[in-house]
Amino acid sequence: MQAKTIVFRILALAVLCGAMNQLSAKPNFTGEWKMNSAKSSFAPLPSPERMVRNISQHDSHLKIKTTQFGQQREIVTELSYTTDGAVCKNVIRGQEFTGTASWDGDTLVIESKREVQGMEIVQRESWTLSADGQTLTIANHVQTPQGAFDITIVLEKQETS
412 MQAKTIVFRI LALAVLCGAM NQLSAKPNFT GEWKMNSAKS SFAPLPSPER
462 MVRNISQHDS HLKIKTTQFG QQREIVTELS YTTDGAVCKN VIRGQEFTGT
512 ASWDGDTLVI ESKREVQGME IVQRESWTLS ADGQTLTIAN HVQTPQGAFD
562 ITIVLEKQET S
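As numbered in my numbering, residues 412 to 572 make up the sequence shown, in order.
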């Protein structure tokens, strides 16, 4: 009887530890994502006609390739971060900027600063993943010398073949 109780307790502890690991696991954004224009909001900026974001996330390394289509041209940006809060440098259209990515619970927060035409632009992106892992919502707060505004980008995960 004593042996059965010990085995039961060990199994129960193993199940509990597995459940705790699942609870502490951070969302993984890896995949191809396409913007849902109807659910996204870019005001006061013009909305791209289409946006595709390819994300690769391994351990604390995050790579983001975004392709935007609009106003008869294509814009591609590639960014890299580590999700441990370390300062990372990236380049967009020849201009270097710094940023950090870190976790706030299950939300990935990316904060960046850059200078455009002599003006400092500060951004704070909050990435959340839906419970089914199929919708990525990015709430982006942008601060410029002319004022602040918010952008919301809703992306839907694409099936890979």
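Mixed in with the good hints, there may be bad ones.
[Unchecked claim] Mimicking DSS-like on lysine-lysine, the simulated pairs with C-alpha atoms at most 25 Å apart in a straight line are:
hint: 1; residue 1: K476; residue 2: K450
hint: 2; residue 1: K450; residue 2: K568
hint: 3; residue 1: K500; residue 2: K476
hint: 4; residue 1: K500; residue 2: K524
hint: 5; residue 1: K476; residue 2: K568
hint: 6; residue 1: K568; residue 2: K445
hint: 7; residue 1: K524; residue 2: K476
[As the list claims (entries may be wrong)] Simulated restraints on C-beta separations:
hint: 8; residue 1: T555; residue 2: D470; range: 31 to 41 Å
hint: 9; residue 1: V498; residue 2: D561; range: 36 to 46 Å
hint: 10; residue 1: M530; residue 2: H469; range: 15 to 25 Å
hint: 11; residue 1: Q483; residue 2: K437; range: 34 to 44 Å
hint: 12; residue 1: P455; residue 2: R484; range: 30 to 40 Å
hint: 13; residue 1: T493; residue 2: S541; range: 36 to 46 Å
Keep in mind that the hints were calculated from the coordinates and are not lab data. The beta carbon of each residue, even a glycine, is placed where N, CA and C say it ideally should be.
Checking each numbered hint in turn, tell me which of them this model violates, lowest number first.
Failing hints, ascending: 9, 10, 12, 13.
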